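Asks: So you can see what is in the structure, the chains are spelled out below.
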Amino acid sequence: MTKVVDRKPLTFYERTYLPTLLEGLKVTARHFMRSVKGGNAALQLGDGYYPEVPWQVAEGYRGAPYLVRDQDGNTKCVSCQLCEFVCPPKAIRITPPGADGVPADRPNAEKMPREFEINMLRCIFCGLCQEVCPEEAIFLQKHYSLTGLTREEMIYDKERLLQLGGVHAGIQKWKHKLEEAREQDTFPVKTD
Amino acid sequence: MLDQLISDPTVRFVAFGTLKILVVFGVLMTFVAYAVLVERKLSALIQDRVGPNRTAPPLVLKIPVLGKLLQGWGIFQPMADGVKFFLKEDFTPDYVRKVYFWIAPAITVIPALLTIAVIPFGSRLGGEPMVIADLNVGILYTFGIVSLGVYGIVLAGWSSNSKYPFLGGIRSSAQMISYELAMGMSVVSVVLVTGDLNLGKIVEFQAAHGWLVFYQPLAFVIFLVSAFAETNRLPFDLPESESELVGGYHTEYSSMKFALFFMGEYANMIASAAMMVTLFFGGWSLPFVGAPAGTWLGGLLHIGIFLAKMIVLVLVFIWVRWMLPRFRYDQLMDLGWRRFIPLALANIVVTALVLAALKS
Chain A
1 MTKVVDRKPL TFYERTYLPT LLEGLKVTAR HFMRSVKGGN AALQLGDGYY
51 PEVPWQVAEG YRGAPYLVRD QDGNTKCVSC QLCEFVCPPK AIRITPPGAD
101 GVPADRPNAE KMPREFEINM LRCIFCGLCQ EVCPEEAIFL QKHYSLTGLT
151 REEMIYDKER LLQLGGVHAG IQKWKHKLEE AREQDTFPVK TD
Chain B
1 MLDQLISDPT VRFVAFGTLK ILVVFGVLMT FVAYAVLVER KLSALIQDRV
51 GPNRTAPPLV LKIPVLGKLL QGWGIFQPMA DGVKFFLKED FTPDYVRKVY
101 FWIAPAITVI PALLTIAVIP FGSRLGGEPM VIADLNVGIL YTFGIVSLGV
151 YGIVLAGWSS NSKYPFLGGI RSSAQMISYE LAMGMSVVSV VLVTGDLNLG
201 KIVEFQAAHG WLVFYQPLAF VIFLVSAFAE TNRLPFDLPE SESELVGGYH
251 TEYSSMKFAL FFMGEYANMI ASAAMMVTLF FGGWSLPFVG APAGTWLGGL
301 LHIGIFLAKM IVLVLVFIWV RWMLPRFRYD QLMDLGWRRF IPLALANIVV
351 TALVLAALKS
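Sequence lines, in order, name chains A and B.
Using this note's numbering, the first residue of the first sequence is number 1, and each one after it goes up by one.
Using this note's numbering, the first residue of the second sequence is number 1, and each one after it goes up by one.
Derived from the structure by calculation, the hints contain no laboratory data.
Just so it is clear, the structure is predicted and the values come from calculations on it, not from any experiment.
Some hints here could point you the wrong way.
Okay, derived cross-link-like pairs now, DSS-like style, lysine-lysine, Cα gap no bigger than 30 angstroms in a straight line [said to hold, decoys possible]:
| no. | chain 1 | residue 1 | chain 2 | residue 2 |
| --- | --- | --- | --- | --- |
| 1 | A | Lys-175 | A | Lys-111 |
| 2 | A | Lys-158 | A | Lys-142 |
| 3 | A | Lys-26 | A | Lys-8 |
| 4 | A | Lys-37 | B | Lys-62 |
| 5 | A | Lys-37 | B | Lys-68 |
| 6 | B | Lys-62 | B | Lys-84 |
Start from the sequences, fold in the hints, and give me the full structure.
Replies: Shown next as structure tokens:
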């Protein structure tokens, strides 16, 4: 069903274009005065302009995705390749360790990636990798100004991602699994 | 020998004429460059941005407080822009009509510069009238020259041989021709009041009887709006329309040829501001310093008054650009043909009747 929007005919005063002019003048004058008094965002958030004073990003900002370590300094990623699969621009490339590769650097985790690369030129900062990760091993962080002199330089490898990512003090799924398993071993079997 | 040369009227005319041309041209170009800066700075402030605040020649920052301030105001930006325009690649696409493509920017700038010639920018300075060419048909000359300006834009649009410039060129020809009518007619009523076509005489009339904007407010409004249309400024910048025509008639231009269009636009703006000051705001006169100056100081003061008024009007031009959205093409034509031309005609008739009634 079509809905007819009732448009009021303009009054003569409105058709002279004067109210629009006055309104425009009011809006622009207000913004002008605010800017003259130093009301622009750069001055209010920091005390200078962008290249010298970095821009303050808000909480929850979606910047570049980096890998994180857990509290014990272990790689959280288990090379499941879900992020690689979900990544819309195909920016992530994971090389799994293979059958006889290096074991994970923490007990009870099956494996960790041999190589983990994110091409920051392709990445669109969508956050699907973070969303899909079952291990909470990859997070979009606050970096927004990524620069490099070559294309190769913009492909971040595992070491670089881990170093930039820092430590994430979140859940430690595998640690708890291990504790559970150990408890299983030492579980005192009750014998009446 | 030298005294004889100076007292010779021909030598005097040539010498002072050349001097005035050079000075006016220099001042005009400076105004154009800084009008661009003011435009950028003002737009930035209106849009909650910062505007150019980086450019500074090497040693300027060494000056204590002042250097930083000048940098912040972007005082050196026009120079950087100028250098940039000269150093950019002057690219001529393969598919353009070369001759017209090359001529068009010049045809746009020249009329804007020529209109300045008849504008009395001051009363007298050391016995010399402060106008380059004291024509008795000043207004007619201005309108004749201004209408040439459209050729530059139309030629640019056509010779570029691509669709957006072409559309821009077509629009500008229709727009400028229609608004020229309204503009010319609004001036007719001014001429009726003053009874003279010489711009200097018009200013002297206003110095004696008060500003014409009070006698002819309607003519002023029509002239102002038409001036916006004639100079392709928002809200009537349809030939340019960055959002629909990617720059309109100057899409295919680069480097200094583009800069000429740019300078032409601003020079036009300044010229029409100067024209409005002359026609409606009493030129170099203020209500309390009316008579042509006898002293050097008075002469300089008059030039200062003229420039101050002109700057205010240029600021109005710039401010309006950031205040109003662009008109639709049919609205523009409607406003020109169905509102302003009848209004201007009515204004002429009423003015003539009132003048006749006052005389009898």
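Asks: Tell me the numbers of any earlier hints that the structure contravenes, in ascending order.
Replies: The structure breaks none of the hints.
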